Amino acid sequence: MNYTQTLDYLFSSLTSFQEKGEAAYKPGLERITTFCRHLGNPQRNFFTIHVAGTNGKGSVSHILASVLQQAGYRTGLYTSPHLTDFRERIRVDGEMIPKQKVVNFVDKHFEKMNELGLSFFEISTALAFDYFAQSDVEVAVIETGLGGRLDATNLIVPILSIITNIGLDHTNLLGDCVEAIATEKAGIIKKSIPVLIGEHSEKCDPIFEQTASSLKSKILYAEEIFSCTEHELHDTTQSFHLIRSRDEQPFDIELDLAGDYQLHNILTASAAADFLHEETPLTISRRAFKEGTRTAAANTSLHGRWQQLAEKPLTICDTGHNAHGLSYVAEQLRRSQCEKLFCVVGFVKDKEIDSCLKLLPKKAYYLFTAAASERSLPAAELASKAAAYGLEGEMVEGVASALARARELASEQDMIFIGGSNFVVAEVL
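When we follow this note's numbering, the leftmost residue of the sequence shown carries the number 573, and every step to the right adds one.
Treat the hints with caution; some may be incorrect.
[Said to hold, decoys possible] Below are the PhoX-like pairs computed for lysine-lysine, each with C-alpha atoms no more than 20 Å apart in a straight line:
| # | residue 1 | residue 2 |
| --- | --- | --- |
| 1 | K921 | K884 |
| 2 | K763 | K790 |
| 3 | K957 | K921 |
| 4 | K935 | K921 |
[Stated by the list, open to error] Per label pair, the in silico range of CB-to-CB distance:
| # | residue 1 | residue 2 | range |
| --- | --- | --- | --- |
| 5 | H803 | D926 | 27 to 33 Å |
| 6 | F583 | A952 | 26 to 32 Å |
| 7 | Q706 | E966 | 48 to 54 Å |
| 8 | L981 | A944 | 19 to 25 Å |
| 9 | A752 | L1001 | 32 to 38 Å |
| 10 | H610 | D708 | 49 to 55 Å |
| 11 | E795 | K763 | 50 to 56 Å |
| 12 | L981 | E903 | 21 to 27 Å |
| 13 | R858 | K790 | 22 to 28 Å |
| 14 | K930 | E683 | 38 to 44 Å |
None of these hints come from the bench; they were simulated from the model. Note that the structure is a prediction, hence the values are computed from the model and not measured. The beta-carbon is built from N, C-alpha and C at its ideal position, and this holds for glycine as well.
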């Protein structure tokens, strides 16, 4: 098989959550454990940092990978979903896995993968572990796919577990309340392995603390390790004045990501880097930390996080796709300085659409659309649902046509926002 045929096999023969949604979810660690044993347990050949959470886990993973890379470590990064190329999921020192490595892996292990009935995500995870081991990776940042307890990535024994935050998402699979979802995410906590919590939560903290206590694992809270006293947003970057609590040490940090919700993520990533330097075999200098955050998106090719696509009119895309994430996006949209706001939005069918729509700014004109995915909510249905929340606009078939219509309507003093789902942003990018 060539690369295109290999991807066709992965996406069609094996069910992908990105493509199929709930039908692709195969919880449990039995299959991935057996397959990784077949591979020689490559995940044991390097240090790992495990990152879970409802939102922010991708940004935190990319920031940490950039910092570790700047510290001189050969660094693996495994994230999901991808936006435009499957290989975005698996990177070493910021470079995507070569196409031929994907082809060779599938060719070599084709029979075993079919025998075990592996899911798309299980194969992607095992491929990442195998490639990292082959590439002499020293430390890898591993983002969970869905949940934590039964996620294929939970095979690893990390030097640090991180849970960024908890919000309502994938409620049909993880539970219909934050306490149930927190319990699933807490499943990444391992015996005697420290866990870092990104954001305090009155409902979730007791669950994390009880789990950590039962496993004799140290629990840390990012907001107790660092605080931010100054925060400035620029066009495509932002800066933070952080204070480390234990010694009042100041850190002036720049980040090449513009969404103001990154404040939570920079505190989490900073606390993680501090812990890794102080309490693990890894060494991260202040220079590496500052340079790693300043070039986080550039080093790891992170896209879709409050990303500016054009200046006149200002055009922004963001992959926030659940109520918890969209609440931050919507707030930044409300504060944006523009004459008129045009929003190109589309959602997938298996999201809590109503909880998302009620957050979006009413003082905007909407171009309701649907991405070219079978998971996408039809544009007509989205427009009907949005009308119930006072969101005015028009239906446009196809993301490209919707963006073209927004550009037709907008003046140079206006703003265009593109979001609602990863699929919509992916088509624009």
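Checked hints:
A C-alpha spacing of about 33 Å is found between K921 and K884, which places the hinted pair above 20 Å, so the restraint is violated. Proposed proximity of K763 and K790 is supported: the alpha carbons are some 10 Å apart, at most 20 Å. A hinted pair counts as satisfied when its Cα atoms are at most 20 Å apart, and K957 with K921 qualifies at roughly 12 Å. A threshold of 20 Å between alpha carbons decides the hint, and for K935 with K921 the separation of about 25 Å lies outside it, so the pair is violated.
Against the hinted window of 27 to 33 Å, the Cβ-Cβ separation of H803 and D926 comes to about 32 Å, which satisfies the hint. At about 27 Å, the CB distance of F583 to A952 agrees with the hint of 26 to 32 Å. For Q706 and E966, the Cβ-Cβ distance of about 51 Å falls inside the hinted range of 48 to 54 Å, so the restraint holds. For L981 and A944, the hinted distance range of 19 to 25 Å is satisfied, since their beta carbons lie about 23 Å from each other.
Between A752 and L1001 the Cβ separation comes to about 34 Å, which falls inside the hinted range of 32 to 38 Å. Separation of H610 from D708 is about 21 Å and departs from the stated range, judged on CB atoms against 49 to 55 Å. A C-beta distance of roughly 25 Å is found between E795 and K763, which places it outside the suggested range of 50 to 56 Å. In this structure, L981 and E903 meet the distance hint of 21 to 27 Å, their C-beta atoms being roughly 24 Å apart.
Checked against the given bound of 22 to 28 Å, the beta carbons of R858 and K790, roughly 24 Å apart, stay inside it. Checked against the hint of 38 to 44 Å, the pair K930 and E683 fails, with Cβ atoms roughly 50 Å apart.
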